[in-house]
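Novice: Please model the complete structure; the sequences and the hints are all you need to start from.
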Amino acid sequence: MSRHRPSPDEPWPGWTPSRAVHAVYGEHLVRIGQLIPAVLCMHVMDRQGLAAAHTAGRRDLVDSQVASVAMECRDDLLESAVVLEALALYHGHGSYLPRPYQETSAPVPTDVELRTDASDVADELVHHDHQHGTSTTGNIPAGLKADCADGQRDAVRSYARREWITRQERWSGT
1 MSRHRPSPDE PWPGWTPSRA VHAVYGEHLV RIGQLIPAVL CMHVMDRQGL AAAHTAGRRD
61 LVDSQVASVA MECRDDLLES AVVLEALALY HGHGSYLPRP YQETSAPVPT DVELRTDASD
121 VADELVHHDH QHGTSTTGNI PAGLKADCAD GQRDAVRSYA RREWITRQER WSGT
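Taking this note's numbering, the leading residue of the sequence shown gets 1, the next gets one more, and so forth.
Note that these hints are calculated values from the structure, not bench results.
It is possible that part of the hints are untrue.
To be verified - Below, a list of computed lysine to any residue pairs in the SDA-like style, where the Cα atoms sit at most 25 angstroms apart:
1) LYS145 - GLY94
2) LYS145 - VAL112
3) LYS145 - PRO100
4) LYS145 - ARG99
5) LYS145 - ASP111
6) LYS145 - ASP117
7) LYS145 - THR104
8) LYS145 - THR110
9) LYS145 - ARG74
10) LYS145 - GLU103
11) LYS145 - ARG162
12) LYS145 - LEU97
13) LYS145 - CYS73
14) LYS145 - GLN168
15) LYS145 - TYR101
16) LYS145 - SER135
17) LYS145 - ASP76
18) LYS145 - GLN102
19) LYS145 - GLY133
20) LYS145 - GLY173
Specialist: What follows is the structure, encoded as structure tokens:
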């Protein structure tokens, strides 16, 4: 168990957020620092439990876990988008990979890859909210399409950020 106490100046051990991250998330950086290990571990544990239930022939448990995973999908998308965006902001400002992306032998800079991944996960949140009407802030941007502009990618990231911050403020009563 880590003895690190998240703070806005060091939400994750050894991570000093950039001014861009502070400007966007401010006081919420502590919560992002708490989410990082949860997001990293959550999917592994869910998959292990599902695989074990399937191997044991426990159809009832598989059905129950699949239903639970489906209900938590939006929270997972939201938290993952926020963690990826915070990491992308930490690494600086870059561009995005083209959509659709074709793998090449050239290495992709970390900041570009993280920005792209953050916008792709935020786009999944946008599609989920359009489909299920689960937005809490409204004004859902359009989903991303092939050859989308950087501004459209920024819009879905901004939407995910707005949704997450609104949820945090409602839970904390601020």
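Novice: Can the restraint linking LYS145 and GLU103 be considered satisfied, given a maximum Cα separation of 25 angstroms?
Specialist: Distance of about 18 angstroms is within 25 angstroms: holds.
Novice: Would you mind confirming whether the straight-line C-alpha gap from LYS145 to PRO100 stays at or under 25 angstroms?
Specialist: 9 angstroms, holds
Novice: Next pair to validate is LYS145 with ASP117; report whether the Cα-Cα distance is within 25 angstroms.
Specialist: 15 angstroms, holds
Novice: Does GLY173 sit within 25 angstroms of LYS145, going by the straight-line distance between their CA atoms?
Specialist: This hinted pair is violated, its Cα atoms lying about 37 angstroms apart.
Novice: Check whether the Cα positions of LYS145 and GLY94 lie no farther apart than 25 angstroms.
Specialist: 20 angstroms, holds
Novice: Do the alpha carbons of LYS145 and THR104 lie within 25 angstroms of each other, as the hint requires?
Specialist: 21 angstroms, holds
Novice: Check the hint pairing LYS145 with GLN102 against an upper bound of 25 angstroms on the C-alpha distance.
Specialist: Within the cut-off at roughly 15 angstroms; holds.
Novice: Holds or violated: LYS145 with ASP111, Cα cutoff 25 angstroms?
Specialist: 21 angstroms, holds
Novice: Verify the proposed pairing of LYS145 with ARG99, using a straight-line Cα cut of 25 angstroms.
Specialist: OK: LYS145 and ARG99 at ~7 angstroms, within 25 angstroms.
Novice: Checking one constraint from the list: CA of LYS145 to CA of GLY133, max 25 angstroms. Satisfied?
Specialist: Holds. LYS145 to GLY133 sits at ~20 angstroms (cutoff 25 angstroms).
Novice: Could you grab the alpha-carbon distance between LYS145 and THR110 and see if it respects the 25 angstroms cut-off?
Specialist: Holds, at about 23 angstroms.
Novice: Given the hint that LYS145 pairs with ASP76, does the C-alpha gap stay at or below 25 angstroms?
Specialist: 22 angstroms, holds
Checked against the numbered hints above, the structure breaks hints 14 and 20 and satisfies the rest.
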